[in-house]
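Asker: Here is what each chain is made of, one letter per residue.
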Amino acid sequence: MLTEERGDWMLAFLAVLGGALISITVVQNGNLALYLGNIRGTVLVHVVGLLTIVLILLLSRTRFQWNRKTPWYGYLGGVLGVLTVLGSNASFAALGVSVSLALMLLGQALMGVAVDQFGLFGAQKRPFQPAHLISFGLLFGGILVMLLS
Amino acid sequence: MMLFIAALVGANTVLCRYMNAIYARHNGLPMSTLANYVTGLCTALLALLIMGDPSAVQPVGALTFRTVTMFLGGAVGVGLVQILVYITPRLPAFLSTILVFISQLGTGLLFDYWLTGAFSPGKIAGGVLVMLGLWHYAWVWKRAQEDTPVDRKA
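As given, the protein sequences belong to chains A and B, one line each in that order. If you want the numbering used here, it's the 1-based position in the first sequence plus 370. If you want the numbering used here, it's the 1-based position in the second sequence plus 303.
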């Protein structure tokens, strides 16, 4: 229903699982930051993550490979991830949780719409449909109610 | 200025997923996760070197569930990165963004209820509205796809 591919509901489930894991890591990393500080905590999170993925790759005997044709911006995922952590910490401190979350959602939604509209980064083009205004109204109304109550 | 930065952080999370997905397209999902942590660690070390960390290190003290699990955020993050990289090219960007966000909020609510017993009918009502919005968004898409084949890039 969601895409042309099969297993759409499995993808939706994975997205929901991803959101749940974000909440769990936010609590874990927040606790770590209380003891070590924000930046030291971020360093340790990445050390543990790196050791974990290396262990998984070794145990699963995955062949280490590197395609030289990978575009330069493909390497920016980790960099942007750290900038996200530092930026959200600063935002939570300056604006509080609710306002920060609302603004971050706005940024995410606008970027998501732009990716769908223009097919950025090789994504499938999914131009805006006027009927989506109703969806947006329900989504943002619901999120606003959740954040304010 | 801070308002703009907060919105930029939001846009950045979507960008981050797509950059990892681009790496995965060329090198596979496991290598994309590895690259994410290598470049992330380098960036975090650089930030520590340039900005330092003003907070003092606190002693961890007794080993409890909280103090033990806080060291495992990076390990859970590996699963998280793999899931997000996997779904990113397969779901519409807006839909995956909202699904992830609303699940994040919902899990936060469950944590609050579990830890403090706090329950908010307003948040449940908001959640129902969001579910309706998601269903409507997917329904409109389904109809649009049935009417006209969408342009798919290689």
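Accuracy of the hints is not assured; some may be wrong.
What the hints assert, rightly or not - Only part of the chain A face toward chain B is listed, based on derived beta-carbon distances under 7 Å:
(1) V386
(2) I392
(3) T412
(4) N459
(5) S468
If you're looking for bench data, these hints aren't it; they were derived computationally from the structure. Note that the structure is a prediction, hence the values are computed from the model and not measured. The beta carbon of each residue, even a glycine, is placed where N, CA and C say it ideally should be.
Asker: For each hint, tell me whether it holds in the structure or not.
Answerer: Checked hints:
1. V386: Constraint on A:V386 satisfied, holds at 4 Å.
2. I392: holds (5 Å)
3. T412: This interface hint holds because 5 Å falls under the 7 Å limit.
4. N459: violated (10 Å)
5. S468: violated (11 Å)
In terms of the numbered hints stated before, the structure departs from hints 4 and 5, listed from lowest to highest.
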